[in-house]
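Peer 1: What follows is the residue order along each chain.
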Amino acid sequence: MVLKITLGVLLTAVIVFGIGLPMSPHPQAWYELPVIPGLEEKARIIFFHVPTAWLSVVAFLTSMVYAVQYLRTRDLGYDIRSSAAAGLGLMFCILATVTGAVWAKFNWGSYWNWDPRETSIFVLLLIYGAYFSLRSAVEVQEKRATLSSAYAVIAAVTVPFFIFIMPRIMPGLHPGSKGDPEGAGPVVDFKMSPNMRVIFFASLIAFTLLFQWMFSLRVRAAQIEARNQQRG
Amino acid sequence: MNGALRLTGRGLRKEFDRRTVFRDVDFTAGAGETLLITGRNGSGKSTLVRIMCGVLSPSAGTIALEGAGDPHLRAGLVAPYLQMFEEFSPLENLQIGAGLRGMHFDAGRARELLERVGLAGRLHDAVRTFSSGMKQRVKYAFALQHDPAVLLLDEPAANLDEEGIALTRAVMAEQRRRGVLVVATNDLADVETFERRVDLNAAR
Amino acid sequence: MPHGRSRAGAFLLSVRTVFLKDWRSELRTRYAVSALLMFVVTTIAIILFSLGSEGASPDALAGMLWVVIFFAAMSGLSRTFVMEEERGTTLTLQLAAPPAAVFFGKLLFNLVLVTGINAITVLLYAGFINGFVIRTMSIFAVAVALGSIALAAASTVIAAIIARANTRGTLYPVLSFPIMLPLLLSVIEATRKASEGAYFAEAGGEFQLLISYIVVVVVSSSMLFEYIWKD
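Chains as they are written, first to last, in this note's numbering: chain A, 1 to 232; chain B, 1 to 204; chain C, 1 to 231.
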């Protein structure tokens, strides 16, 4: 209960301050955010887009860890957790992709550019899509759990390669990549004033807590459904 | 006869899709004994057979075979749902069977075995061209080639004529001399005698 | 029962038997090879027709070669497992052979199949698509070799997954593509470099990635396979 309220307050604060605090070229007061040349108002997306992207990766790793546990123990409870995490991951991944595309339109003129980070989030989306397609194709629970867990593991194993090859191949538009035309530097460390940093990390924490909360809800719902099925 | 040979199952339970097929199944059988598995259609006879072969894991409980050698040399299975490699001949199937098990293939002994199960003259024809009765004989040869410690027969008389049923009886008698025989069937006439029994009708 | 064989010897015999069984079966029916050949010929023909007299940039042509190779792989490499399910012989293999032997035997089969088809694809592509020019042959040869091995490695475990899922083949490319992206990007980049005439050392990064990809995928697949294979 306390967690829910804290989460609600935190998220509201992040949203209000992230969107509402004014930006000025020479911030004086604690509530003034700096203007970043080239980004200006669009910088606000940092508070929302980055956490969702971050969470879609965290969810994927969570899903993989539970997948490994399922394969080792054959306890369907782990599979419930694995797919609950993946479902949330898919949602955050879609959010990240969409917020990213909208921002891209405003900043670079087009919705999609095959910048390395855009491509990475797209690949993650493909992996989630494949995972759920596989799950929907298998009817028997135990087999569904085994096969999708195996896929989650093999996907997780190949993802690091993708992270390594991307920067070699493509210069990027994203703030922080090697070809960034605006020279705005790496996303987190540059030019974020202390108060921006506070809001940013608060947002990160808030979204992570949101994930935790939604995850536990989904798991509990799935467990109740499973118990009902057993009785019936 | 291997006196140390013993097949034991304790507290075996299998669930599929939240549905319990059977639970609390216990049994034990030693060399020279026949274990009979009975139960209605759908009671899980074939599931239990698969678990005994080691190709299916139980949801709970343990199964163990003591006193036998390599895992892949322990069990032989003859069942309607076990297919041979039908694009190959019976002799080639035996060669594949030996190779898969990591065993040296003795073509002479294989020929003898195939003749004993009544396939003389069809040694080199593709199994695809055989009748179901003859395919059953190939399955017997495939299962017996490595002198299994445990021979499992699921519906042993399926597809067989009188001659074939005589063959089955001979095989069963021989296995009782060698090791453990497991028969899953609803037709008690299939077995001449049995020492142990698992009735899956009572295990739901 | 005379064994006269060590554990390792018995295991290798198992692997060889799995491989030879698939190989001989394929020789008799010639199903996979002829279908794959037709697929490659048709795809290259389609590309030729759609390019027309326009042609395309060397970069685009480098990429397209691997598109053809990827889809040919998707056409043919699941067969080794799907065939066992269709014929009902999965249980037979589960019973008689150690899971790892089944995996490596079929991996070997896919390796031979994909290498053969890729060699033919490359020859047809280079022969018929004008504008596709390779200036540094050594880079290209190594890229095709490593790419084929990596393709075989990744496709075999996914083939096992979809075969056990008893799904139609449409799921195969869906599952394979994200897994194979690092490999595809690497070989396309290496092919591009070979096209431009770069020095062999310049493709070192791509080759390193391919080799480590192969190792990682083969090791993790072999560990996962036992879970996928056994019920």
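Hints in this document: simulated from the structure, not taken from any laboratory. Please note: incorrect hints may appear among the correct ones.
As the list claims (entries may be wrong) - From the derived model, a few chain A residues whose C-beta atoms are all more than 10 angstroms from chain B:
(1) G129
(2) P160
(3) I163
(4) A226
As the list claims (entries may be wrong) - Going by beta-carbon spacing under 8 angstroms, a handful of chain C positions derived as facing chain A:
(5) I129
(6) V133
(7) I161
(8) G169
(9) F177
(10) L181
(11) G204
(12) S220
(13) Y227
(14) I228
All values derive from a computational prediction rather than experimental measurement. Note that beta-carbon positions come from the ideal geometry of N, C-alpha and C, so glycine has one too.
Peer 1: Hint by hint, where does the structure go against what was stated? Just the numbers, ascending.
Peer 2: Numbers 4, 5, 6, 8 and 11, in rising order.
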